[in-house]
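Chain by chain, the residues:
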Amino acid sequence: MNFQNMDVVSIRDFNREQIEETLELSREMLPYARGEKVTRMLEGKILGNLFFEPSTRTRLSFESAANRLGAKVIDVSQISTTSITKGETLADTIRMVEAYSDLIVLRHPHEGAARLAAHFSSKPVINAGDGAGSHPTQTLLDLFTIQQEKGSIDGMNVVILGDLKYGRTVHSLAEALTLFGAKLTFVAPEALQMPIETVKHVENMGGNITCTNCIDDVISDADVLYVTRIQRERFPDPAEYEKVAGMYRIDIDALREAKKDLIVMHPLPRIDEIAPEVDFTPHARYFQQAFNGIPVRMALLTLLLGGSL
Amino acid sequence: MRDIKVTPIRNGTVIDHITCGQALNVLRILGVNENNIDSTVSVLMHVPSKKTQWKDVVKVEDRELDPKTVDKIALISPNATIDIIRDYNVAEKHRVVLAPRVKGLVRCGNPNCITNKREPVEPEFAVDNQSPMVLRCIYCDRIQNNITDHLI
Ligand SMILES: Nc1ncnc2c1ncn2[C@@H]1O[C@H](COP(=O)(O)OP(=O)(O)OP(=O)(O)O)[C@@H](O)[C@H]1O
Ligand SMILES: [Mg+2]
Ligand SMILES: [Zn+2]
Chain A
1 MNFQNMDVVS IRDFNREQIE ETLELSREML PYARGEKVTR MLEGKILGNL
51 FFEPSTRTRL SFESAANRLG AKVIDVSQIS TTSITKGETL ADTIRMVEAY
101 SDLIVLRHPH EGAARLAAHF SSKPVINAGD GAGSHPTQTL LDLFTIQQEK
151 GSIDGMNVVI LGDLKYGRTV HSLAEALTLF GAKLTFVAPE ALQMPIETVK
201 HVENMGGNIT CTNCIDDVIS DADVLYVTRI QRERFPDPAE YEKVAGMYRI
251 DIDALREAKK DLIVMHPLPR IDEIAPEVDF TPHARYFQQA FNGIPVRMAL
301 LTLLLGGSL
Chain B
1 MRDIKVTPIR NGTVIDHITC GQALNVLRIL GVNENNIDST VSVLMHVPSK
51 KTQWKDVVKV EDRELDPKTV DKIALISPNA TIDIIRDYNV AEKHRVVLAP
101 RVKGLVRCGN PNCITNKREP VEPEFAVDNQ SPMVLRCIYC DRIQNNITDH
151 LI
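These protein sequences, in sequence, are chains A and B. Residue numbers for the first sequence, in our numbering: 1 to 309. Residue numbers for the second sequence, in our numbering: 1 to 152.
Simulated from the structure, these hints should not be mistaken for lab results. Be aware that a few hints might be false.
[Said to hold, decoys possible] Reference excerpt, derived from the structure (chain A facing chain B, CB under 8 angstroms, subset only): (1) H110; (2) E111; (3) R115; (4) L116; (5) G131.
Note that the coordinates shown come from a computational prediction; the quantities given were computed from them, not determined experimentally. C-beta: ideal position from N, C-alpha, C; glycine also.
Construct all of the structure, not just a fragment, from the sequences and the given hints.
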């Protein structure tokens, strides 16, 4: 499979085989990601981090992944902030940045920015989030986490909880999980439930979907509970927000009917969707999940830049 | 029996079976306006139709419209037919078909889309479905569900 010079803008840019190959390589990266083994496989390569909005975690995670592979990282965000004030287009900024690096990691506030960057750049572009748009490396690390922790994605009963209406990463995750044969249950208050088009789309892909507003009804069958943030901004009335957030808060009591081997995931940062007491249960996997961002990004960088272990 | 509401034309193009109410948008898509045409253009709005109840019809004299431009009409009028008239007779007839990609014809309805931010790109959509028409922005991935309001 040839990944070289491919762009990673949306998880839809990958077919199932490519995702599998990425996950496989991610697994091989684990000892290197933990620092137990050392490689200089991407020595001489330069990664250009171009962040038009702050996202320290994602930026550092790419930086750490690149360092573990012996690649250099330059933060070219500075030229974007100075050029933006001069009114430079993203297209022009990209044409500049591609001269400085072998691969561009882009974070941008406008949807579709990564696709545009990919059009103008001859170097590979990885989308590290564009506005409310997609964030494919998050989806890949989510898949990797389920596969690592549960052994397989196929046949898993994945409950996705929280703001399913606006969170587009959740839509991509739902599609990707369906591609791998998971059963999906969407739990959200009526007003934040998965858009009907997305549900239909996933069903057309052969997805098996249940929608409900009550976590208690579905928790006992769940293999994976994927919690997302319910954003305060969605609620004009703060009291209404507190009420809804409280109803969907995961604490030990909410998990009392859960399977022993249920895993709880969250893309982080969490505010109070998951009570800290859950951190100490065998269910908690969100910190592991965050760590998994490193081997997965290492795998992607390697595939796109043509390195090999 | 032909039901011709305007004087028959000798040569030209008839765009028939236009979705009712879309005649002026059809002219817009074709780029036909008073500045670039020197023959007669007749627009019939809300005329009875056998197939659907009502339709619009546009007749352009002395001009055989290029099938490629004409196909763009499918965006707003998927059932339109194009009749090329030569010497008072229908010499050619074809249905409009939309290419799988639509570029530079429609703006993205998502205000936060990069194509609405003064970048040097034309908005472009993938045609996910023809009937009903479903366009998906290839940049931001949003579905455009109000095409007529976003024609460029
Ligand atoms: N010489 C002409 N001048 C102007 N309009 C014409 C002329 N000849 C045909 N038309 C128009 O072109 C269209 C197609 O004509 P045609 O004779 O093929 O009709 P039809 O059999 O009803 O076709 P369809 O099945 O596409 O409705 C009709 O709307 C008709 O009014
Ligand atoms: Mg007819
Ligand atoms: Zn768009």
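Right, here's what the structure says about each hint:
1. Hint status for H110 (chain A) relative to chain B: holds, with the closest Cβ pair at about 5 angstroms, below 8 angstroms.
2. Taking 8 angstroms as the C-beta cut-off, the interface hint given for E111 (chain A) holds, the closest approach to chain B being about 4 angstroms.
3. The beta carbon of R115 (chain A) comes within 5 angstroms of a beta carbon in chain B, closer than 8 angstroms, and the hint placing it at the interface holds.
4. The interface hint given for L116 (chain A) holds, since its Cβ lies 5 angstroms from the closest Cβ of chain B, which is under the 8 angstroms cut-off.
5. Interface hint status for G131 (chain A): upheld, as the beta-carbon distance to the closest one in chain B is roughly 5 angstroms, under 8 angstroms.
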